[in-house]
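Student: Take the sequences, apply the hints, and build the full model.
Residues per chain, in single letters:
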Amino acid sequence: MIQGIPLEHFLIVSTIMFFIGVCGFIIRRNLITMLMAIELILNSVNINFVVFNRYLYPDQLQGQFFSLFIVGIAAAEASVAIALIINIYRKLQNIEVENVNEMKY
Amino acid sequence: MTGYTYTLFIIMIPLIMFLVTGLLGMKWKPIVSGLLGTTGMGISWVLSLVTAGSYFFGGHHAEGFQTIIPFEMKWLQFTDTLIIKMGILLDPISVMMLVVITTISFMVHLYSIGYMHGETGFARFFAFLSLFTFSMLGLVIAPNIFQMYIFWELVGVSSFLLIGFYYQKPSAVAASKKAFIVTRFADLGFLIGILILSFVTGTFDFAKLTQPGTAIFGSAASMSFLGISAMTWAMTLIFIGGAGKSAMFPLHIWLPDAMEGPTPVSALIHAATMVVAGVFLVARMFPVIHFQAPATQEIIGYVGGFTSLFAAVIAITQYDIKRVLAFSTLSQLGYMMLALGVSGYGGEEGLGYMASMFHLFTHAMFKALLFLGAGSIIHAVHSNYMYDMGGLRKYLPITHMTFLIACLTIAGVPFLSGFYSKDEILVAALEHNKLLFAIEFLVAGLTAFYMFRLYFSVFWGKDRHYHHTPHESPLVMTIPLMFLAVASIFAGYLPFTELVTSDKVGFESHMNFAVAIPSVLIGLFGIGMAWILYKKESDVPAKLAAKFGMLYTATYNKFYFDEIYLFVTKKIIFNYISRPVAWFDRHIIDAFMVGIGLTTEKISYQIKGMQSGQLQHYAFMFVAGTLALALSMIYLLM
Numbered sequence: 001m002i003q004g005i006p007l008e009h010f011l012i013v014s015t016i017m018f019f020i021g022v023c024g025f026i027i028r029r030n031l032i033t034m035l036m037a038i039e040l041i042l043n044s045v046n047i048n049f050v051v052f053n054r055y056l057y058p059d060q061l062q063g064q065f066f067s068l069f070i071v072g073i074a075a076a077e078a079s080v081a082i083a084l085i086i087n088i089y090r091k092l093q094n095i096e097v098e099n100v101n102e103m104k105y
Numbered sequence: 001m002t003g004y005t006y007t008l009f010i011i012m013i014p015l016i017m018f019l020v021t022g023l024l025g026m027k028w029k030p031i032v033s034g035l036l037g038t039t040g041m042g043i044s045w046v047l048s049l050v051t052a053g054s055y056f057f058g059g060h061h062a063e064g065f066q067t068i069i070p071f072e073m074k075w076l077q078f079t080d081t082l083i084i085k086m087g088i089l090l091d092p093i094s095v096m097m098l099v100v101i102t103t104i105s106f107m108v109h110l111y112s113i114g115y116m117h118g119e120t121g122f123a124r125f126f127a128f129l130s131l132f133t134f135s136m137l138g139l140v141i142a143p144n145i146f147q148m149y150i151f152w153e154l155v156g157v158s159s160f161l162l163i164g165f166y167y168q169k170p171s172a173v174a175a176s177k178k179a180f181i182v183t184r185f186a187d188l189g190f191l192i193g194i195l196i197l198s199f200v201t202g203t204f205d206f207a208k209l210t211q212p213g214t215a216i217f218g219s220a221a222s223m224s225f226l227g228i229s230a231m232t233w234a235m236t237l238i239f240i241g242g243a244g245k246s247a248m249f250p251l252h253i254w255l256p257d258a259m260e261g262p263t264p265v266s267a268l269i270h271a272a273t274m275v276v277a278g279v280f281l282v283a284r285m286f287p288v289i290h291f292q293a294p295a296t297q298e299i300i301g302y303v304g305g306f307t308s309l310f311a312a313v314i315a316i317t318q319y320d321i322k323r324v325l326a327f328s329t330l331s332q333l334g335y336m337m338l339a340l341g342v343s344g345y346g347g348e349e350g351l352g353y354m355a356s357m358f359h360l361f362t363h364a365m366f367k368a369l370l371f372l373g374a375g376s377i378i379h380a381v382h383s384n385y386m387y388d389m390g391g392l393r394k395y396l397p398i399t400h401m402t403f404l405i406a407c408l409t410i411a412g413v414p415f416l417s418g419f420y421s422k423d424e425i426l427v428a429a430l431e432h433n434k435l436l437f438a439i440e441f442l443v444a445g446l447t448a449f450y451m452f453r454l455y456f457s458v459f460w461g462k463d464r465h466y467h468h469t470p471h472e473s474p475l476v477m478t479i480p481l482m483f484l485a486v487a488s489i490f491a492g493y494l495p496f497t498e499l500v501t502s503d504k505v506g507f508e509s510h511m512n513f514a515v516a517i518p519s520v521l522i523g524l525f526g527i528g529m530a531w532i533l534y535k536k537e538s539d540v541p542a543k544l545a546a547k548f549g550m551l552y553t554a555t556y557n558k559f560y561f562d563e564i565y566l567f568v569t570k571k572i573i574f575n576y577i578s579r580p581v582a583w584f585d586r587h588i589i590d591a592f593m594v595g596i597g598l599t600t601e602k603i604s605y606q607i608k609g610m611q612s613g614q615l616q617h618y619a620f621m622f623v624a625g626t627l628a629l630a631l632s633m634i635y636l637l638m
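So the sequences go chain by chain: F and H. For the record, in the first sequence the residue sitting at position 71 is 71 according to the working numbering, with numbers rising by one throughout. For the record, in the second sequence the residue sitting at position 409 is 409 according to the working numbering, with numbers rising by one throughout.
Accuracy of the hints is not assured; some may be wrong.
Claimed, not checked - In the DSS-like style, the derived pairs of lysine-lysine whose C-alpha atoms are separated by at most 25 Å in a straight line are:
no., chain 1, residue 1, chain 2, residue 2
1, H, Lys394, H, Lys536
2, H, Lys571, H, Lys462
3, H, Lys602, F, Lys104
4, H, Lys85, H, Lys208
5, H, Lys394, H, Lys535
6, H, Lys394, F, Lys104
Claimed, not checked - Listed next, the stretches of chain F that the computed footprint assigns to chain H, with coverage defined by at least 3 CB atoms under 8 Å from CB atoms of chain H:
no., region
7, 18-28
8, 94-101
Source of the hints: derived by calculation from the structure; they are not laboratory data. Beta carbons: idealized from backbone N, C-alpha and C, even for Gly.
Tutor: The following block contains the structure:
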């Protein structure tokens with residue numbers, strides 16, 4: 001399926017995804033959007049794992065399994081994060097990240 | 001040789017009494033602590049007498065007395081060679097000291113029940129007395145010099161506690177501090193001396209150190225410092241420790257002030273037992289001093305002689321009854337030191353050593369009696385000053401009689417104990433050093449004069465106007481007086497020449513009439529002078545004082561030694577050493593440390609804004625930092 005597509009193309013896609021994620025995390029104010037940005041970062045890493053596995057060691061599966069684990073952990077992390085966000089909403093009546101600044105000096 | 005294990009109880013009982021009365025005394029009626037302490041002390045006393053009886057008289061001693069160590073244990077083991085032991089050593093001088101200490105301590109305990117009656121801190125007083133007795137006993141039976149040093153310091157502490165017993169009185173607090181600091185300063189010399197001695201010989205044990213002809217000093221001859229041999233240094237430093245405790249000139253300044261403590265304490269600590277610790281120390285180290293450091297022995301002789309003269313002169317002009325006795329104690333301690341300084345070793349040569357121990361023994365009895373008598377007088381009159389007293393013989397018959405006996409004894413009147421011991425000292429001095437003999441001869445006259453000055457102006461002369469009629473002290477106070485009076489009379493008949501000698505072998509001694517008769521005459525002359533001047537109140541003493549003018553004032557102010565010390569410490573040491581050092585500490589060292597703290601604090605204020613609580617700031621910083629690191633890795637290091 002991926003025959004003929006050079007490695008660089010995958011890496012460029014994953015790098016673009018990573019920086020979109022980083023930018024989204026830094027720029028967006030909404031906590032749920034920030035969570036989505038984190039998912040983007042994780043998925044860009046997943047792509048790297050799978051692709052390097054396929055191109056460097058096609059007989060082995062470690063990279064692919066690793067990406068499966070990352071998906072699982074991402075799901076767990078999302079559930080925890082959303083639970084936190086709900087609590088923040090109950091306390092502050094919104095989910096803007098600037099308002100969550102109790103822990104400053 | 002384990003028949004003396006019970007001697008352990010002699011020192012353990014006072015320790016237990018200290019702990020019991022010290023910890024539980026507050027919960028009981030005060031009198032319980034007093035009775036408990038006295039009973040315990042009584043048991044120790046009986047045990048000491050039993051020990052002395054079986055040691056001195058229980059067996060055949062033709063070849064001299066054995067040194068017995070009935071108990072010894074390792075206390076601290078640092079290395080294979082550096083071991084500090086605790087134990088008990090019995091030889092003639094330590095057994096004699098056991099008897100002296102427990103006798104005086106028991107008498108003082110008994111006396112204190114009456115004297116301290118109704119005082120606040122009655123239980124505390126008895127606890128401290130027990131602590132002192134324990135420490136003093138531990139000092140004299142120490143089989144090694146390190147144990148002696150430990151108990152030496154304990155004795156210093158208990159003396160400090162008892163001088164400062166009336167801790168609400170500023171003068172008592174000042175006196176206790178003075179005593180502690182002066183003796184502690186001298187103890188520094190003692191400690192350094194111990195270190196040098198043990199470095200040279202590799203042992204702390206007296207048994208090894210004092211063995212005649214021992215080889216452990218072999219390496220000492222080659223060591224010297226500033227042209228003086230190591231052993232002379234060590235012995236001189238140890239003597240400084242002893243001089244501090246025994247209040248030898250010029251470390252004598254603490255003893256007169258120590259009279260701020262309760263009178264029984266003065267009798268026990270500052271007359272009979274603790275102050276002779278220095279003499280005891282020199283006697284204990286005597287073979288070492290005599291053979292290894294003859295120069296030190298010379299020093300000891302002259303310091304003793306000078307102290308005795310100096311203190312006797314001051315005693316003439318004092319008005320505080322306890323201070324007269326304190327200076328008299330100084331003078332008598334000088335006698336003992338001098339006797340050690342002029343002594344030889346072995347047989348009749350060791351006459352001075354024997355005389356010193358003999359005088360220590362008799363002095364303990366009559367000086368304790370004098371102090372307890374003075375306590376009885378103060379108890380009746382409520383004043384320390386001789387010009388508040390007079391004509392007391394009618395009111396205090398028992399005190400009067402016992403005080404008279406003590407005065408006659410110290411003046412060296414024949415057939416009383418002081419005569420015999422003082423005579424032996426004079427004979428020893430005459431044989432070795434004519435100058436010291438002349439000094440002591442003069443001091444014998446001065447002693448008789450100032451003691452009878454005290455006696456006549458207290459018990460004779462005019463009646464004063466007393467607040468209430470003075471009355472004789474209760475029986476619990478007069479029994480010790482009577483006992484000690486009997487002891488003062490008869491202590492001179494103990495055969496000391498056969499019991500306590502420098503090489504532990506007895507010898508025969510004969511009365512030397514060429515010395516005895518003139519010394520008796522000068523004593524009687526002193527008494528006669530006091531009779532003329534003070535028996536009837538007259539203005540002759542005042543006229544004489546006026547005639548001597550400057551000299552009298554200087555003597556009355558103890559030759560300004562306290563002022564000299566204060567000048568040296570306050571004006572010179574404090575101003576020129578302590579102040580600059582304190583300034584350096586505050587302004588350089590402290591400032592450096594404070595500077596570090598202040599700088600950190602200021603920087604923290606500047607950068608604390610970075611912790612904004614905004615998650616996205618942190619994330620931005622993190623990403624930017626990672627990028628910066630990555631870029632620097634790629635472009636700078638590659």
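Student: When you check the alpha-carbon spacing of Lys602 of chain H and Lys104 of chain F, does it fall within 25 Å?
Tutor: Status holds; Cα separation ~19 Å.
Student: So if I understand the rule, the pair passes when the alpha-carbon distance is 25 Å or less; does Lys85 of chain H with Lys208 of chain H pass?
Tutor: At roughly 14 Å apart (the allowed maximum being 25 Å), Lys208 of chain H and Lys85 of chain H satisfy the hint.
Student: Verify the coverage statement for the region 18-28 of chain F against chain H, using a C-beta to C-beta distance below 8 Å and requiring 3 or more qualifying residues.
Tutor: Check passed, 4 qualifying residues.
Student: Holds or violated: Lys394 of chain H with Lys536 of chain H, Cα cutoff 25 Å?
Tutor: holds (16 Å)
Student: Straight-line Cα separation of Lys571 of chain H and Lys462 of chain H no greater than 25 Å?
Tutor: Given that 25 Å is the threshold and the Cα spacing comes to 45 Å, the pair is violated.
Student: Could you grab the alpha-carbon distance between Lys394 of chain H and Lys535 of chain H and see if it respects the 25 Å cut-off?
Tutor: Between Lys394 of chain H and Lys535 of chain H the Cα gap is close to 15 Å, so the pair holds against 25 Å.
Student: Is the straight-line distance between the alpha-carbon of Lys394 of chain H and that of Lys104 of chain F 25 Å or less?
Tutor: With Cα atoms ~91 Å apart, Lys394 of chain H and Lys104 of chain F exceed 25 Å; violated.
Student: Take the region 94-101 of chain F, compare each residue's beta carbon with every beta carbon of chain H, and decide whether three or more fall closer than 8 Å.
Tutor: Contact hint for the region 94-101 of chain F vs chain H: holds, 4 residues under 8 Å.
Violation of the numbered hints given earlier is confined to hints 2, 6; the remaining hints are satisfied by the structure.
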